[in-house]
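One line per chain: the protein sequences are H and D, in this order. Here the first sequence is numbered in my numbering, starting from 1 and rising by one per residue. Here the second sequence is numbered in my numbering, starting from 438 and rising by one per residue.
Just so you know, not all the hints are guaranteed correct.
[Claimed, not checked] Result set (SDA-like, lysine to any residue): computed pairs, CA atoms no more than 25 Å apart in a straight line:
1) D:979 / D:789
2) H:321 / H:360
3) H:53 / D:926
4) D:824 / H:48
5) D:927 / H:23
6) H:100 / D:873
7) D:867 / D:923
8) D:493 / D:527
9) D:807 / D:832
10) D:823 / H:96
11) D:979 / D:832
12) D:923 / D:946
13) H:53 / D:962
14) D:815 / D:735
15) H:265 / D:525
16) D:927 / H:29
17) D:835 / D:796
18) D:835 / D:923
19) D:866 / D:962
20) H:419 / H:373
21) H:7 / D:645
22) D:835 / H:92
23) H:430 / H:29
24) H:100 / D:789
25) H:53 / D:780
26) D:923 / H:23
27) D:823 / D:923
28) H:53 / D:563
29) H:53 / D:832
30) H:100 / D:834
31) H:7 / D:721
32) D:835 / H:95
33) H:53 / D:789
34) D:566 / D:538
35) D:835 / H:4
For the record, the hints were derived by calculation from the structure and aren't laboratory data. Since this is a predicted model, take the numbers as computed values, not measurements.
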Amino acid sequence: MLNAPHKTGLVFFPAFDWAIDPTHPEREERLLYTQDQVREEGVFDVPEIIEYKPEIVTPEDIQRAHFCVPDEQTVTTESHLISAGGAKAIANAVMLKEVKNGFALVRPPGHHSMRVTHGGRGFCHINMEAIMVEYIRSQFGVKRIAVIDTDCHHGDGSDDIFWHDPDVLFISLHQDGRTMYPGTGFPRDLGGPNAKGSNLNIPLPPATSTEGYLYVIENCVLPVIEAFKPDLVVNSAGQDNHYTDPLTNMNFSAQGYARLTDMLKPDIAVLEGGYAIEGALPYVNLGIILAMAGIDYSGVVEPDYNPERLKQSMTIMDNIKRTCDQIMTYWGQRYEMREAAGEPGQIITRHREVFYDTDNIFDRQKEKIRVCRDCGGSFEVDSKATPGNHILGVHIPINACKACREQGYKFYDQADNTKYQRIYLQDRTKDIYEVKQ
Amino acid sequence: MILGLDVGGTNTDVVFLSEEGVQKHVKVPTQPDNLFKSVLSGFTLILEGVDPGRIKRVVISTTLTTNAIVQQTVTPVGMIVSAGPGIDPENFSTGDQYYAVGGSINHRGREIEPINEMEIQRVGEKFKKAGIEYVGVVSKFCVRNPSHEILIEQILNNQFKQIFLGHHVSGNLNFPRRIATTYMNAAVYPLHKEFFQAVEQSLEEMGLTVPIQILKADGGTMTLEASMDFPAQTVLSGPAASIMGAIPYAPEGQDAVVLDIGGTTTDIAFLVDKTPLLEPVGIQRGGYRSLIRSLRTLSKGIGGDSALRVNDKGKLTVGPDRMGPAMAFGGAVPTPTDALVVLGLMEAGDQDRARQGIKFIADQLGMAEKEAAEHIFKICCNIILKKTFEMIDTLNAKPVYTVHDFLEGYTFSPDTILLMGGPARFFAKKIQDMYQLETIAVPYASVANAIGAALARTTCEITVNADTEQGVVTAHEEDFSEPVSKSFSKDDLLEIAYRLLQDKAKNAGAEPDTLNEVEMVEFQEFNIVRNFSPRGKILRTKIQLKPGLIHGYESMLNPQALDN
């Protein structure tokens, strides 16, 4: 009988009866072959691997991370709620120490979903990791969390939700935005004025191979995590860096993913993208599960794996090393950058545009945040979607200082209710959520 | 007229049934080192004064294979496994004669790496050298494509007495369990064959010529002939016999729990509308996991003869060990049975010795004798019911894979408890009072296991997969494969599945009037899409002949029977 060195929780929710549309990459068939592989390997018979039933997230869970426009019910289907509930179930198992770590193998994904969500972007409606992180903070009082997004696409939703949060280290490794959806996530994007450096974006050139990818983990991600000293490490475990993925241009492998997991040692991993459903996912998922449980994964190799063919050029390696050096420089300067971002009490305004490819919505946002040295800072987001609603969302961070709490309520009370269809207040200090119509 | 025989650890029970009910039952002590003799004396006694020509059906349940596995007196088996990418197959080794060879098939059933003929021949030579006569061959994903297993069998070509192939074992995916199950079938085969050929011959000599049916772990039967390919399916048929014996008294259209309270252990099982729940993949006991279809049962180490003790914290403990019979029946250690005697519920046994035993416990607990006996009785009920409810929670927390099942999934919620085993009737009232759940002591509790064996119907299962991109529909377990067109539908799949199930059921000896007791266990349909265009469909189904009882003996459940 096969035993694992420690306990690992798994939620497997393939949503075999749900799809965006019948031929969409995010469809029923996506985890079918993964299920076949995992079952045939007898993974669920390893006594230390414990399968959990997903939970279903409540509107209250979502309201800690999102302003759903107009409301949670309109933006989500049951499948989104159960998928996010899968991450929540794993969080509970890990936080209650029933298992050492856990992997939520769920679909649909969530990491393109931003704080204000008007609908579907990049196959995502609500952000599983953000909902889970906020749940963990409220329920278990955990302070510092690192979220490492290894999906091939920039985790722009998570980047947005954690943008102003100095207590969440968010690192996204992704194929260069100049060559790939959603076209964002460059090294200079380092987080808001109060949280500079706690968001790190590491674009990788197309054709990055296992060698280059693991170089970044070893020389950039791990040292930053070590310095940040998180209480919990979360991995947004997208699998579309694979050399056979139809939507991307990278050369990562199942062995690479398993090795990555082994190095990162996440407490919680959550499946994001990955669309090579037959040639990659069965092997990548198996590799990740074995690595999390501490079982030998050296035999998990794709049938058509040929390391020679996937060898990376010197130019690509040089490019990756330069990016890493740059990121480490920014990381070293994070406190100076926060100092330089503005004077405490000052209100800084930012304008941005967000496009929803899945639901074809265009959103113009204007954000105002109070510069603060004591907390993440309260902010308001004015969001005008076409087609859609014009809303204002006010966020008060969980550990907000007195001045920022007051500023948050000032944003909320002074909002012009003739201008907005809805005005939302997300006061994380009291875990409350209010809506004015 | 029907004969049912169940060889248990202590006794061998035999019943003789007519449509009016139990005509006769006998109990003989089991001789663990000579089960054949136990079976023979059971049959001899029951047939006294009975015309063997009137017997239409004979069902036997034995501990033969279970004992052989537990005592490791099985035949040496040579195993050849072909794994391909994934977990190291050395983790699933069955012993010295276990060889992981090359070759690989993927999850869609496509060949990735061929079998190396020379390598197989070399392994064959090693087996010969080691005196191996029985061989098991298992390849990963053989349920999608068994060609490697078949090829290996051909390469080994008649050098061995019998070769067992993994894809015949089950349609379920699970490579490690398939290895264990294939090994087990091969390992108990000679023993099983020799034993039942002897039984068959003896019964013939007594004038019993109807085909013998053998009870399986899933509470169904198969013919002796069918059992020769899968002898391991007979392991743990004992608990299954008992559970089947409770079915006549289970409420229709409702959920019920069956508790078989024995001397050392209590077996817990579940019925939904008179149909027992099965293990989702196969038997698992401790570290041993298989693909053998089995009733979902759990054994808890508590029974009428469990040793009673008071621990250093002054708390009563029950079992899990048995130190011999109750003091009332000559044992050395007080037991729950002694408490029943002290409470005046049980009339048999030595009253004084029972009181002496309970007093020993009562003194340590600082209670009066009667009070302690009552306390013991309550604690026993508590332990058994607590475990039952825990298992129901596990049952209801099982993972689901569709939004529909998540939102609409079945929740098991029992209205009735059926109690079996020696002390059942004493426990029934107590449990009903404590938990406000209707609790019935099954009539003929002491031979209900033999009744269950006698009335169990034939069961079997068919798994069919269609892949219209590859243009094929298969049920490799049945050696079935046919080409299909792109328009192959769910109806086509089910038609094939039903046809295969009917054939399989008839071959396994199913009674014609149970052939329509079919249940669809699984159905899945997926579009195969590549580069945004549909390429075909994957359709999968699993259907079964449900476990249950044969028809014509419903009158067993008459009020007279309940009074008995």
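Verification of the hints:
1. D:979 / D:789: violated, 58 Å
2. H:321 / H:360: violated, 37 Å
3. H:53 / D:926: Distance of about 31 Å is beyond 25 Å: violated.
4. D:824 / H:48: holds, 22 Å
5. D:927 / H:23: Holds, because 20 Å separates the two Cα atoms, which is no more than 25 Å.
6. H:100 / D:873: Violated: residue 100 (chain H) and residue 873 (chain D) sit about 40 Å apart, past 25 Å.
7. D:867 / D:923: Roughly 62 Å between the alpha carbons, so the hint for residue 867 (chain D) and residue 923 (chain D) is violated.
8. D:493 / D:527: With a Cα-Cα distance of about 48 Å, the restraint between residue 493 (chain D) and residue 527 (chain D) is violated, given a limit of 25 Å.
9. D:807 / D:832: violated, 38 Å
10. D:823 / H:96: At roughly 23 Å apart (the allowed maximum being 25 Å), residue 96 (chain H) and residue 823 (chain D) satisfy the hint.
11. D:979 / D:832: holds, 20 Å
12. D:923 / D:946: violated, 36 Å
13. H:53 / D:962: holds, 22 Å
14. D:815 / D:735: Between residue 815 (chain D) and residue 735 (chain D) the Cα gap is close to 21 Å, so the pair holds against 25 Å.
15. H:265 / D:525: holds, 22 Å
16. D:927 / H:29: Judged against 25 Å, a Cα distance of about 17 Å means the pair holds.
17. D:835 / D:796: Distance ~45 Å between residue 835 (chain D) and residue 796 (chain D) Cα, so the pair is violated.
18. D:835 / D:923: violated, 35 Å
19. D:866 / D:962: Violated - the C-alpha atoms of residue 962 (chain D) and residue 866 (chain D) are around 49 Å apart, more than 25 Å.
20. H:419 / H:373: Cα-Cα ~32 Å, so violated.
21. H:7 / D:645: Judged against 25 Å, a Cα distance of about 55 Å means the pair is violated.
22. D:835 / H:92: holds, 17 Å
23. H:430 / H:29: violated, 42 Å
24. H:100 / D:789: This hinted pair is violated, its Cα atoms lying about 55 Å apart.
25. H:53 / D:780: Violated, at about 45 Å.
26. D:923 / H:23: Since the Cα atoms of residue 923 (chain D) and residue 23 (chain H) sit roughly 17 Å apart, the hinted pair holds (cutoff 25 Å).
27. D:823 / D:923: violated, 53 Å
28. H:53 / D:563: This hinted pair is violated, its Cα atoms lying about 47 Å apart.
29. H:53 / D:832: OK: residue 53 (chain H) and residue 832 (chain D) at ~11 Å, within 25 Å.
30. H:100 / D:834: Holds. Residue 100 (chain H) to residue 834 (chain D) sits at ~21 Å (cutoff 25 Å).
31. H:7 / D:721: holds, 20 Å
32. D:835 / H:95: holds, 21 Å
33. H:53 / D:789: violated, 53 Å
34. D:566 / D:538: holds, 18 Å
35. D:835 / H:4: Holds - the C-alpha atoms of residue 4 (chain H) and residue 835 (chain D) are around 22 Å apart, at most 25 Å.
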